[in-house]
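S.K.: Heads up: the sequence lines are chains A and B, in that order. Mapping of the first sequence onto our numbering: position 51 corresponds to residue 51, and the numbering continues sequentially without gaps. Plus 1000 on top of the position in the second sequence (first one is 1) and you've got our numbering.
Bear in mind the hints are in silico, worked out from the structure with no lab data behind them. Every value quoted in this text rests on a predicted model; they were computed, and no experiment measured them. Warning: the hint list may mix true and false statements.
Below are the DMTMM-like pairs computed for lysine to aspartate or glutamate, each with C-alpha atoms no more than 20 Å apart in a straight line [said to hold, decoys possible]: (1) B/K1007 with A/D30; (2) B/K1085 with A/D52; (3) A/K16 with A/D52; (4) B/K1015 with A/D70; (5) B/K1007 with A/D52; (6) B/K1013 with A/D70; (7) B/K1003 with A/D30; (8) A/K64 with B/E1189; (9) B/K1188 with A/D70; (10) B/K1086 with A/D53; (11) B/K1018 with A/E142; (12) B/K1028 with A/D52; (13) B/K1015 with A/E175; (14) B/K1003 with A/D70.
Restraint ranges, calculated between C-beta atoms of paired labels, are given here [said to hold, decoys possible]: (15) B/I1065 with A/T161: 37 to 43 Å; (16) A/N5 with B/L1071: 34 to 40 Å; (17) B/F1079 with A/I88: 51 to 57 Å; (18) A/N5 with B/I1037: 34 to 40 Å; (19) A/E12 with B/K1013: 22 to 28 Å; (20) B/I1037 with A/L19: 39 to 45 Å; (21) B/L1027 with A/A61: 17 to 23 Å; (22) A/E175 with B/I1024: 30 to 36 Å; (23) B/P1021 with A/I88: 42 to 48 Å; (24) A/E175 with B/L1096: 34 to 40 Å.
Yeah, the Cβ is synthetic: ideal placement off N, Cα and C, and Gly gets one too.
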Amino acid sequence: MISQNCTKYSDEKLVKLTLANNDYFFCLMDRYEAKLLRYIHRISNLPYYDADDILQDSYIAAFKNLNDFDSSYKFNSWLYRIVHNQTINFLKKHHHHLSISLDPDNEEFIGWLDEKNDNIDLPLDQLKPIYKEILVLKFFEEFNYKEIAAILHFPIGTVATLIRRAKLQFKQIYEKSKPKNP
Amino acid sequence: MKKVSQKTLDFIKKKNIKPVPRSIFILKNLIFWLLYIISLTIGAISTAIIIFDYQNHRLHQIPYIWFFLFLFFIVLSVFNFQKTKKSYLFPLPLILISNLFLSILFGSQVIKLNLNTYQKISPQVFTSWQDPKNGYLAGRVISAYSPTKYLFVDLAGNHWQLISPSPLIVGTQVKLIGTATDNNFNIKEIRPWFGCGCQNKMK
């Protein structure tokens, strides 16, 4: 069965194989399914059944546009770009806003929080939507600046600025929401 | 419960969905590059015409048409560039400034080409003011002999005796319409240096 043999192939190789045999597309989809569902949920806070629909639409869009994939990009950046667009379209269509749920499990992002018992269930909806998404891509999906630039279609300098501002705003919100010591 | 990946693959097979051919994407990308180049070229031609009119003392009013065409095609070139791949790597102000610079640079090169066609088809409003044979003269009033006679030097440095039905201010630059005989110019209409002065047309 194809799905059992495809772990040895790179994404780019699988794209080429898919163009010859559609079944190989399952390998690409399966490889990113869990990550992308989590990403959609994180940037939209939508229930998983909506995330499923968005992901399915994204996969179909990716399949149709497979010939447009430029191998000078990383496949996952290209796929995340499609998922990002589909999620934004879904939110616009259903009059939702980006509303992120961040898990307090990222060491790098919350590294500056020394006190172990701090409440990090933060009011993240106060963050600008673009700040929320960029934090997810940087600290949870662990993309580098170049990849984030390709996903969000921003210049790399803008990505760096947005990350710096997002961290600053996050910190300000956190400081405000932190219970004061007696 | 079926995974999204399996459901999607089943759907693709059931609906017989095929990837869009590569040629379509190449064509699409080429079209945006072509539109970008066309926009930039028209912007450059507009720049060239403005420079041409200025150099030939034909700029007796602001060339709104060419100016707006220039701005419109600059904006269009930015839009088309943004549709090309990897354009996102460049900030918008950089794209805008680059396109402005390229248009002006190309425009200054286009001016070196023969613009005779433009000269032939350009409307009356662009008529050269340094054309005494056809009744157009532009320059400065140097001195007054009398309230109706003045000494005048045109853009080419030729001296003229003006016969004016109304007083002129010595030292001012004006554009004149009238008839030239030898070194005399009989004024029919006086226009200010800038603008058409249409409201001050002499009867």
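S.K.: Compare the structure with each hint and give your call.
M.R.: Evaluation of the provided hints:
Distance hint between B/K1007 and A/D30 is fulfilled; the C-alpha atoms sit about 11 Å from each other, no more than 20 Å. Between B/K1085 and A/D52 the CA atoms are separated by roughly 29 Å; this puts the pair beyond 20 Å, and the hint is violated. Only pairs whose Cα atoms come within 20 Å are accepted, and A/K16 paired with A/D52 is rejected, the gap being roughly 26 Å. Distance check on the hinted pair: B/K1015 and A/D70 sit about 26 Å apart at the alpha-carbon level, beyond 20 Å; violated.
Between B/K1007 and A/D52 the alpha-carbon distance is near 10 Å, which keeps this suggested pair within the 20 Å criterion. This hinted pair does not check out: B/K1013 and A/D70 have alpha carbons roughly 25 Å apart, beyond 20 Å. A threshold of 20 Å between alpha carbons decides the hint, and for B/K1003 with A/D30 the separation of about 8 Å falls inside it, so the pair holds. A C-alpha spacing of about 69 Å is found between A/K64 and B/E1189, which places the hinted pair above 20 Å, so the restraint is violated.
For the hint linking B/K1188 to A/D70, the alpha-carbon distance of about 69 Å lies beyond 20 Å, and the restraint is violated. Restraint check for B/K1086 and A/D53: the C-alpha separation of about 29 Å exceeds 20 Å, so the hint is violated. Pair hint B/K1018 plus A/E142 does not hold up; C-alpha atoms about 32 Å apart against a cutoff of 20 Å. A distance of roughly 31 Å separates the Cα atoms of B/K1028 and A/D52; the hinted pair therefore is violated under the 20 Å criterion.
For the suggested pair B/K1015 and A/E175, the alpha carbons sit about 53 Å apart, so the restraint of at most 20 Å is broken. For the proposed pair B/K1003 and A/D70, the alpha carbon gap of about 28 Å is over 20 Å, so the pair is violated. Taking 37 to 43 Å as the suggested C-beta distance range, the pair B/I1065 and A/T161 conforms, at roughly 40 Å. For the hinted restraint 34 to 40 Å between A/N5 and B/L1071, the CB-CB distance of approximately 58 Å leaves it violated.
Checking the proposed 51 to 57 Å range against B/F1079 and A/I88 shows it is violated: the Cβ atoms sit about 20 Å from each other. The hinted window of 34 to 40 Å between A/N5 and B/I1037 is violated, with their beta carbons roughly 47 Å apart. Evaluation of the 22 to 28 Å hint for A/E12 and B/K1013 yields a pass: the beta carbon distance comes to about 23 Å. In this structure, B/I1037 and A/L19 break the distance hint of 39 to 45 Å, their C-beta atoms being roughly 31 Å apart.
Distance hint check for B/L1027 and A/A61: the Cβ-Cβ separation is about 19 Å, which falls inside the suggested range of 17 to 23 Å. Separation of A/E175 from B/I1024 is about 52 Å and departs from the stated range, judged on CB atoms against 30 to 36 Å. Distance hint for B/P1021 and A/I88: a CB-CB separation of about 27 Å, inconsistent with the stated range 42 to 48 Å. A/E175 and B/L1096 have their C-beta atoms about 39 Å apart, which keeps the hinted 34 to 40 Å range intact.
Figure legend: structure checked against the earlier numbered hints; hints not met, in rising order: 2, 3, 4, 6, 8, 9, 10, 11, 12, 13, 14, 16, 17, 18, 20, 22, 23.
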